[in-house]
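> Residue strings, one per chain:
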Amino acid sequence: MKQTFTIGIGGAAGQGVATPGDIFAKIFSRRGLHLNAYNAYQSIIRGGHTFLTIRTGPERVSNMGDRVDLLIPLNQDAMNRHLGLLTDGAACIYNADTITPGVPAKGAVLCPLPVSKLADITRNKVAQNTLAVGAGLSMMGIGFQSLEEVLTEQFKKKGDAVVSENVGIARAGYDYATAHFEPFPWPLPMTNNRYAVLSGNIAMAMGGAAAGVKFYCAYPMSPSTGVLHWMAAHARKAGIMVRQVEDEIGVVNMAIGAAHAGVRSMCATSGGGFALMSEGLGLSAMMETPVVVIDCQRAGPSTGVPTKTEQGDLWQILGAAFGDYPRVIAAPLDIGDCFKIIPEIFNIADRFQCPGIVLCDLLLSEGRLSEDPKDLDFAPVVDRGELITAPSTSGSSGDGVYKRYKITESGISPRAVPGVPGYAHTAASDEHDEDGVLISDEFTNPTKRRNMMEKRMRKVTGIEAAVPPPVLSGPRDADITLIGWGSTKGVIEEACEILTGQGISANQLQIRWLVPLHGDAILNILKDTRHTIIVENNYSGQFARYLRSETSYVPNGYIRKYDGEPFMPHHIVEAVKEQLGGKSRLSVPAHEILV
Amino acid sequence: MATVLADTKHVAMADLKGKVDPDWCPGCGDFGVLAAVQKALVDLQIPNHNVVTISGIGCSSNFPGYINTYGMHTLHGRALAIATGVKLANHELTILVTGGDGDGFGIGGNHFVHSMRRNVDLLYIVMDNQIYGLTTGQTSPTSRMGMKTKSMPFGNIEAPVNPISLALAAGATFIARGFSGEQKQLTDLIKQGIQHKGFSFLDVFSPCVTYNHDNTYQWFRPRLKKLEDDPAHDPTDWMAAMRKSLLWGDEIPIGKFFERTDVPPLHGAEPVLNAGPLLHADTRIPPDVAHSFVEELM
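Residue numbers (this note's numbering), protein chains in the order written: chain A, 1 to 595; chain B, 1001 to 1298.
FYI, nobody ran anything at the bench for these hints, they're computed from the structure. Fair warning: this is a prediction, and the values are worked out from it, not measured in the lab. Any given hint could be a false lead.
[Stated by the list, open to error] Within a straight-line C-alpha distance of at most 27 Å, the following computed DSS-like cross-link-like pairs (lysine-lysine) qualify:
1. K1019/B / K1184/B
2. K403/A / K1009/B
3. K1184/B / K406/A
Turn these sequences into a full structure, and let the hints guide you.
In structure tokens:
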């Protein structure tokens, strides 16, 4: 098993849970350690309960894991909720002045900090947080220097006095722990690597910048708003026009307008906003104007649970906009993939002049992951497709010759942008002929309609060839095959490792491209499997139903979770064992962490 | 609206003729609007490839198909949102948005208000016939109270929207009203609207001869009074414009209600566009900038 270490920090919103989290994340990544962070929170600005999990280790950490090694409850509520999670070898650092501990499990250690003796709490309201960070680092065997560096950076804008006050408090916590608490049995290692730590939202925004996006617009909606924030903050440096729009209907149409004028254009939202964008996607398809729309799924329906994760929008995306039209839909597999997928989907959308949809979710959008900076490639392949932005030098164009919707074998018609002399045409949401003249009203014509439908739909064949089929990872002849899509990649991967370690060999089929699905390739993989289970974060098995509708494939079982929280590896491991024992075909693991 | 440098080629009426003839009913007010737009573009000598005519859905929204410029015939109510995107991606283009009262003030009402406060540099011409025509005669947001239609057979019980007052309140920087039966004034207002650098709103009475038997040419003619004939009218006075906008009944003003030139258009307020249209911008992020983006995360 991989060596990892997990810190859980719990408290009320506004109590400063994020700051110690950020400090730990910086220290770990600068130490050359990988990390994965997930914050379980609520739609409340002050109060409520949030629980941040940071898991670190020398190898890639793909999910939040099953175990908390160090618990830092910032209030009594957090102590009450989470002390029971701790098992043998774990520790809990807490403010002994204000928090009464419960009885920990055997082998779990309580580490009370006499906060008012160590710091002047009348001056510094978050002193307990800083003391706990210092104490925690001492127990992990990390030198104080790294914390001093991060605190200095963090507070340097506020002046030397604030820096030295905070460093002093942290030092007091560090020294107190060194003197009074037992260190963890293995110190956190150090490597020569350096990692960037980013959320899926930042990754998708940066992926957009790398792809050459010049127009981004949005209406704020959790959990997609982080994309807007990064875009807005970096717009001027990156040369991107970023607008906040009155509603998501305006968003998608504004994005289509910019795309039609010839720039790469992107927007992001969540399920509710996506519902408003639906008609616009049809416009993008009909006018053959490529646009990329990101849906960061949250638990629905309706306003649902705005701060909780789900994979519940698949059928909305599949059914978005009326009529048949070509499009491409991708689900990023992890936070690094959130970056890579954007240039890839833009190339396909541009080549085939159709909408591209990225189906992300809160787990990736707001989770944080360490990435090797080399994997954040700001010079990816950019293929704008058959785009005309200047008059033809051969002089072959000109009025009366250019047909915007020319019928071609590939279904792709060269796209001229407004401003180019000799190519004036009308792009229409009504059905039209090759010239762009409407054939929906006065000139209704079944033959032309059929020809235009077939022209557009021929692009599907090209899209299928441009998108790779999924591949099976792990041994071919495994006892069990776990099938997932998008963000569950990491947790399924770890579940497979645990199962294999326990004598049940497991492999994984993770779907990244939802449309086109490559059903034949999937069937070809699945025909050699022994026992298949589809794992997904929704109630009805949306992917299982989709796979069945496309391929008639029915798996042996299902593991589903729809409580708002992501899977933990043991949820999947236990469900697999339950199903192999023949007890059930459908497992719905309970989430033990009370958030 | 900014005027694009004219190409050397002379722009003639024939150059602006669309691929097909309008399918509007004989006598429709929209013919007059189309002619006035074409005349204005000839007068201003703006080459057709630098003009994008963008519409939503409805009788009048078929407009882009009948004029030889770049055109977009989009979704019901969404033309202004799309036009904003086009303008921001290539602000050298002249943008005309055309549509009807249902498209603009009903389903598109949200975009109408916000496009005005943003001062997007375009000319928005609403062919206002106070009825839904293409859906065969239902009450529109500008239908008068009491008007009987297929959707309100016992008479409209809802007050109509006042587009001029709304535009004034929302912050449009050029606001005018025309009549499709007054070609000369209409052409002049269109030219002024195109040349104005900011959001130009032109509400045009464009009678529906098939479904609206209340607001006919004959009904309008005796009531319309040109603002330019009133020596006391000062189009820079917002309060006076608001008072004029409330006139309705025996006297209905047409002409330029209001114009202010001290507000930068949206594209002029964002430094990202200082280097020129985004369409021509380098798509690659410079390596040092990309490096700084990653460094922030370390």
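> Each hint should be assessed against the structure and marked as holding or not.
Comparing the hints with the structure gives:
1. Restraint check: the Cα-Cα separation between K1019/B and K1184/B comes to about 26 Å, which is no more than 27 Å; the hinted pair holds.
2. Between K403/A and K1009/B, the direct Cα distance comes to roughly 23 Å. Compliance with the 27 Å bound is thereby established for this hinted pair.
3. Between the alpha carbons of K1184/B and K406/A the distance comes to roughly 40 Å, so the proposed pair goes past 27 Å and is violated.
Going through the hint list in order, the structure does not satisfy hint 3, though it satisfies all others.
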